[in-house]
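> Protein sequence lines, in the order shown, are assigned to chains A and B.
The working numbering numbers the first residue of the first sequence as 99 and each following residue consecutively.
The working numbering numbers the first residue of the second sequence as 99 and each following residue consecutively.
These are computed hints drawn from the structure, not numbers from a lab.
Treat each hint with caution, since some may be false.
A pair counts as met if it fits within one copy or between any two copies, since identical chains are not told apart.
In silico BS3-like links for lysine-lysine, alpha-carbon gap of 30 Å or less [as the list claims (entries may be wrong)]:
1) Lys333 / Lys195
2) Lys333 / Lys103
3) Lys138 / Lys360
4) Lys103 / Lys368
5) Lys195 / Lys360
6) Lys360 / Lys410
Protein chains: 2
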Amino acid sequence: MNNLKYYLGRVEQLFADECFLAEPRELYEPIDYTLRLGGKRIRPTLLLAANALFGGREEEVLGAALGIETFHNFTLLHDDLMDRSPLRRGQPTVYRKWDENTAVLSGDTMFALAWRYFLRQPSPRLRDILNCFNETAIEVCEGQQKDMNFERRGLGRVSLDDYLDMIRQKTAVLLAGALKVGALYAGAPEAQVDLLYAFGLHLGLAFQMQDDLLDGYGDTAVFGKKTGQDIRDNKISYLPLTALTLADEPQREELLSLFATKDTPDEEAKVRRVMALYDAVGLRPVVEQNIAREFQSARQTLDRIAADEALKAPLRELMETLDGRKK
Amino acid sequence: MNNLKYYLGRVEQLFADECFLAEPRELYEPIDYTLRLGGKRIRPTLLLAANALFGGREEEVLGAALGIETFHNFTLLHDDLMDRSPLRRGQPTVYRKWDENTAVLSGDTMFALAWRYFLRQPSPRLRDILNCFNETAIEVCEGQQKDMNFERRGLGRVSLDDYLDMIRQKTAVLLAGALKVGALYAGAPEAQVDLLYAFGLHLGLAFQMQDDLLDGYGDTAVFGKKTGQDIRDNKISYLPLTALTLADEPQREELLSLFATKDTPDEEAKVRRVMALYDAVGLRPVVEQNIAREFQSARQTLDRIAADEALKAPLRELMETLDGRKK
């Protein structure tokens with residue numbers, strides 16, 4: 099029986115062994131750079147563990163594991179371009195290190211490379227597997243568009259439900275899809291595949307809500323980056339949207355006005371003011387409770403899956419790591 | 099037996115019947131706009147005709163026909179963004195009509211939609227078909243990167259062979275790939291698939307070389323756009339590269355210097371001067387001969403394909419239309 103550490107190590111090895119460089123260099127160097135920047139590698143880890151859960155053979159899903167992470171990194175590369183983010187995992191983003199055209203084309207190529215990895219391994223369920231991957235990809239694009247629409251609409255015109263629907267598409271379906279692909283390769287029964295997918299959705303929602311929480315309440319020393327960046331960027335996240343549901347009218351108006359201010363002369367004062375409002379409405383415990391509830395739903399869904407408890411252990415371990423994470 | 103007109107009409111109908119609009123609108127409206135702009139629809143037409151050549155069933159390749167054209171239009175959408183082209187088929191390009199982020203994300207989604215169409219139809223050879231499509235996609239990206247590299251390198255440092263390799267990847271492999279996919283769906287023997295692929299490469303090279311010729315020597319009234327745009331853009335094409343092989347040293351130096359000039363005050367004088375140089379080196383008949391030779395290779399390859407002559411007729415007709423085209 100493999101534990102979480104085994105799967106994380108296997109995924110690291112997989113990326114270390116793979117060559118991403120080819121001709122023309124101008125196209126592949128940014129791809130190699132992106133895929134070697136690291137990250138948590140959550141999606142391929144979920145895929146391998148889900149496959150093992152139903153007795154799959156690891157060597158049959160290594161292509162899909164590479165593919166799902168390559169796809170994920172493609173979306174980050176294009177998102178960073180669209181969001182004009184200067185840094186990713188502490189390093190310059192591709193459009194900054196190279197240029198915008200490189201970001202567009204190297205990203206496109208990564209999407210195709212993800213397909214190459216997915217197509218590496220035959221399977222009697224290949225069409226189902228590829229459909230799952232592709233419908234996931236489409237949802238991720240739709241989620242990103244909704245996220246961009248929110249920024250244009252402004253905080254006051256986005257509901258918490260809109261937001262949860264957006265992060266489901268932008269983040270959660272890819273975790274769910276990774277699990278489903280792993281299970282499909284193993285020939286898991288449909289009902290089990292569906293439960294695993296549901297587990298992934300809960301896990302993904304909890305993960306993103308916690309990401310939003312850490313941006314406001316992370317311990318800078320552990321978090322590794324400055325907190326409050328979402329506030330500086332007027333980014334619509336789970337925090338201000340939940341705060342609005344708790345605020346009285348004057349608090350609501352102040353929050354909306356703070357999130358509508360661009361180019362504030364004193365950004366740190368703005369961050370402090372928003373955080374004070376969050377505290378005043380009692381935001382933190384409410385958000386922590388909601389995140390805990392989502393993790394609890396994930397846990398209960400995993401409990402219902404008909405598989406060997408020892409094989410579920412790595413998924414449980416990953417979930418508990420994410421639940422307790424400080425960065 | 100269907101003729102070319104039948105296939106062109108079938109493809110038009112296919113696009114007319116398809117709904118490209120979905121939520122969020124901001125994502126799908128540019129996709130609908132792009133896919134309804136028209137164009138020659140050469141790739142899906144080749145795919146349908148190649149399928150019929152080996153007794154395939156038309157309804158089985160309609161998804162692939164939609165997919166190959168959706169992919170092609172995705173590459174045009176991203177190319178227009180990267181090349182900063184204001185117009186496509188006489189209409190504003192997506193990044194101009196909307197914005198750059200829309201062009202990035204709607205393009206990404208079109209790539210995924212192309213996959214959705216490709217996955218619509220099961221086939222015992224699905225993995226081969228999808229591999230063919232995907233390896234083609236990767237080559238198209240590599241070709242586009244090489245094209246962008248050329249612009250940076252400058253005319254004097256690109257050889258005719260480099261150029262032919264680039265247009266093979268950027269243009270020819272997609273025509274060849276469309277034919278191959280059609281033939282694979284029909285279960286054609288490998289040797290025939292290879293011949294059809296080779297036919298597509300010759301056709302694609304001839305097509306692009308002629309495109310380059312028309313930019314310089316097209317009849318504006320028929321061509322539908324101003325000639326000489328490649329010269330104004332210092333675009334490295336088959337014309338200046340072939341001219342360099344025919345020029346003496348002073349002519350070579352003048353041509354290189356003209357193609358290195360940016361923001362010329364009198365662009366039309368520059369176009370006239372380059373065209374005069376082309377005439378002086380006797381460019382036009384040489385290029386026309388080379389294009390004719392490439393079409394002849396396509397013709398001879400088609401001749402060698404073991405299929406009913408009546409079924410080859412639409413491919414022949416399409417080839418002769420392209421050979422004689424004035425726009």
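> The structure should be examined with respect to each hint, and the outcome stated for every one.
Consistency of the hints with the structure:
1. Lys333 / Lys195: Both. Shortest intra-copy (24 Å) and inter-copy (26 Å) distances satisfy the 30 Å Cα cut-off.
2. Lys333 / Lys103: For Lys333 and Lys103, the Cα distance exceeds 30 Å both inside one copy (34 Å) and across copies (53 Å).
3. Lys138 / Lys360: neither (33 Å within a copy, 47 Å between copies)
4. Lys103 / Lys368: Neither. Shortest intra-copy (41 Å) and inter-copy (66 Å) distances fail the 30 Å Cα cut-off.
5. Lys195 / Lys360: both (26 Å within a copy, 26 Å between copies)
6. Lys360 / Lys410: neither (47 Å within a copy, 64 Å between copies)
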